[in-house]
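Asks: Here is what each chain is made of, one letter per residue.
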Amino acid sequence: MGSGVDVLVATSIRRAGLGLIADVAGSAALLIALTVSCFGQGFSDFTKTIDPLFAGVLAQPGNLSNTIQYAAASANSGDIESAISAYEQLRFYNPRLAATRFQLGVLYYQLGSYDQARGYLQTALQMPDVTPELRQNIEDLLELVDKKLRPDQFSGFAQTGLRYQSNASLGAGAQTVLASGATLNSRFVARPDWNWFGTAGINYVHDFETQTGETFEASVIAYDAQQFSLHQFDIGLIELRAGPRFAVSPGDINGLTVKPYVVATGALLADAPYMGGLGGGLTLHAVVGNVSLDPYGEIVQQRFRNSALYPLASGLSGTLSTAGLQASGPVAFGLGWQSRVAFARASDQFAFDSYRSYVADIWLPWTFYWPTPWAGSARWTVIPTVGVTQWRYDAPDPFVAPFTTAHTTEWRAGLGLEVPIWHKLIFASLVQYRNATSNVAAFSYRDLSVSAGPLVRF
Amino acid sequence: MAGKYKAVALAFAAVLIGGATANAQQVGTATAVNPNSESTPPGGSAIRLTVGSRVVHKERIHTSPTGSVQLLFVDKSTLNIAPNTNLLIDEFVYDPASGSGHMLTKLTQGTLQYIGGKLSHEGAVTITTPAAVIGIRGGIGTVEHNTVEHSTPPGTQAFNQNGWMTITNGAGTIGIRPGFIVTIINWNTPPGQPERITNERVIHYIEYLSSKFTQDGGVPGLKHLDTANFACGIYSTTPCPKPPWLPTNAGENDALQIIIQSTQRATLPTPPPPPVFTDSFVGGK
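These protein sequences, in sequence, are chains H and B. This note's numbering numbers the first residue of the first sequence as 1 and each following residue consecutively. This note's numbering numbers the first residue of the second sequence as 459 and each following residue consecutively.
FYI, nobody ran anything at the bench for these hints, they're computed from the structure. One or more of the hints may lead you astray.
Claimed, not checked - Away from chain H, derived, C-beta distances all over 10 Å, residues of chain B: (1) SER503; (2) THR536; (3) GLU710; (4) LEU714; (5) ALA724.
Claimed, not checked - Straight-line Cα separation of at most 20 Å, SDA-like style, residue types lysine to any residue; simulated pairs: (6) LYS681/B x GLY281/H; (7) LYS259/H x PRO273/H; (8) LYS148/H x GLY502/B; (9) LYS48/H x SER556/B; (10) LYS681/B x LYS147/H; (11) LYS681/B x LYS148/H; (12) LYS147/H x ARG635/B; (13) LYS681/B x LYS48/H; (14) LYS147/H x THR656/B; (15) LYS681/B x ASN66/H; (16) LYS681/B x LEU134/H; (17) LYS670/B x MET127/H; (18) LYS681/B x PRO128/H; (19) LYS424/H x TRP703/B; (20) LYS670/B x THR123/H; (21) LYS148/H x LYS670/B; (22) LYS681/B x ARG96/H; (23) LYS681/B x GLN126/H; (24) LYS148/H x ASN657/B; (25) LYS681/B x PRO132/H.
Where a beta carbon is used, it is the ideal one built from N, C-alpha and C, also for glycine.
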């Protein structure tokens, strides 16, 4: 028998009139039976069925070793609220420890409770035992918290560097023979080259501070690469997405939100206007457990321009419709995962330019502390990545393979390394290999690229 | 009809049998106690709380101007109770097998912080004050209620720290998101507009809902915390929170997609240009 028994029935009786007692009695008796079955074993028996560390805290809260282990184990397992409870318990025992307050600041940050995180971090700095290393960690996190508490939030990155590609055109080899009998345009066959590149991304979020959590979000990605020799592949690209975000159901602890957005893109190729696109999309955001999910769908009307180098580009003009899912989550001990799967449908001017594509990529960023001669123990990140794209065209290309509809599959694998230099400055490098095979020889290619340069995240 | 009466009789029999031992049913433990803090079990007299004291439902908790308490419940939820507080653990039902049940705490004076456990994830946690009924879903919240003689202004303040908080009284219902606080003057006055909590108020609650610097929560001897066990930190292999890692090659990937497509178009042999009469041709070069 347990407390649940009379509490439950008393509640039922209080809430129901006498005339209704008989109606609820049956269900009450059933609930009683359920509750008794759980609590009938008694408190000591109950504690034998639960996590031993938690049972230890319930039975002997003054056992400091057990409580400290319980706090750490809860945090490591992602049970943030239990970890907060345990560190609060330790703060009761000694409110002057900076480390306890720092841990509470970290945990509240992980929960997204930024006001509370800031309070703990600020008071941690005032504790008498704060060490220089702990102070640095606290100040780093405080900077992030302050950013999160602003109604207008900016984040992003900028990188520049050099890249070598074994096949800068991502084209077929010079010896490739077209099924149509024609020869390849020699300016576009596989050749190695170097380039300078610069890329930047900025995300902006404005919080309207409403109780339903509406925001306005905008992101810009820009990329430019100038080849050392093969200037027909000099490329500049910009993509803008912007729109308001709404909570689907305010109060939903999974935080389901929806964002309609507009998208605008533009590209230069060989220093001439090449492509422009305008469209819109819809994306959702939800958190399930510790996995973040962002499904999306967008339609972009693309217009390509012919030029002396690219006289057939306008045939690519048409509608690009994409549906996909971006997802991310932690694995353990600094290892996370991010993935993207998408299906795209390009309905272009000619059937042989129209295609369906299937894309899947996964990144596994592993972040860890490692000593450096210049910055002491600092945060490194290694990012293995693999991906695949398949293009399935609608019709044979009469100029390339008049009797074969192209099916091309590209596999890619890469390894990124981010080495801390100073504060937000990182040295980032990426080695990536691509191998595309196609039933149309002109669409097969291989490329090994190596890029490196300074990166700033903010 | 006879069946219904039989069911009622069965239910009350179960209550009576259960009630005989219910008073002894432990639903939680006092994990930290600063004097003077007292508890009054149902049907009993006030006793001094100590670390490890059993907490039963229908138990009243009272803290003096220097007293404070932390209670840990079997569903892993926690109440941090500030000085000058009176509350009643009015209902606590928890089925550990399904994680379901409910908890009702009546706060008549003072300040408490609720840290969520299994029950709050089901949206089954309620804190009542004379001015409002506060529902907590998923998270963490601080509730303060002051009577006229103790504070200016009197009434209830509810601060949502995580999850979703619903505040209801005789004049209406509102919901508040994390980081916001609401003042409810009394039961018949609509809850005020949510406001972003000030930093000073947050720090006030942080210090008020735990030991004072000269107290030890009833467990002396914690002089140092070994950072090796931390979830993140200097000596841990796990980094502390940073902006989430995001791929920086999204632009590059899109650019490469354009080059792949443009190359495949441009690789084609350009159709031969139509004959053009040029000066050199005319000149018979």
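Asks: Now look at each hint and say whether the structure bears it out.
Replies: Now for the hints, and whether the structure bears them out:
| no. | hint | verdict |
| --- | --- | --- |
| 1 | SER503 | holds (20 Å) |
| 2 | THR536 | violated (4 Å) |
| 3 | GLU710 | violated (6 Å) |
| 4 | LEU714 | violated (6 Å) |
| 5 | ALA724 | violated (5 Å) |
| 6 | LYS681/B x GLY281/H | violated (56 Å) |
| 7 | LYS259/H x PRO273/H | violated (30 Å) |
| 8 | LYS148/H x GLY502/B | violated (49 Å) |
| 9 | LYS48/H x SER556/B | holds (17 Å) |
| 10 | LYS681/B x LYS147/H | violated (33 Å) |
| 11 | LYS681/B x LYS148/H | violated (33 Å) |
| 12 | LYS147/H x ARG635/B | holds (18 Å) |
| 13 | LYS681/B x LYS48/H | violated (31 Å) |
| 14 | LYS147/H x THR656/B | holds (16 Å) |
| 15 | LYS681/B x ASN66/H | holds (16 Å) |
| 16 | LYS681/B x LEU134/H | holds (17 Å) |
| 17 | LYS670/B x MET127/H | holds (13 Å) |
| 18 | LYS681/B x PRO128/H | holds (12 Å) |
| 19 | LYS424/H x TRP703/B | holds (13 Å) |
| 20 | LYS670/B x THR123/H | holds (13 Å) |
| 21 | LYS148/H x LYS670/B | violated (30 Å) |
| 22 | LYS681/B x ARG96/H | holds (9 Å) |
| 23 | LYS681/B x GLN126/H | holds (17 Å) |
| 24 | LYS148/H x ASN657/B | holds (14 Å) |
| 25 | LYS681/B x PRO132/H | holds (19 Å) |
In terms of the numbered hints stated before, the structure departs from hints 2, 3, 4, 5, 6, 7, 8, 10, 11, 13 and 21, listed from lowest to highest.
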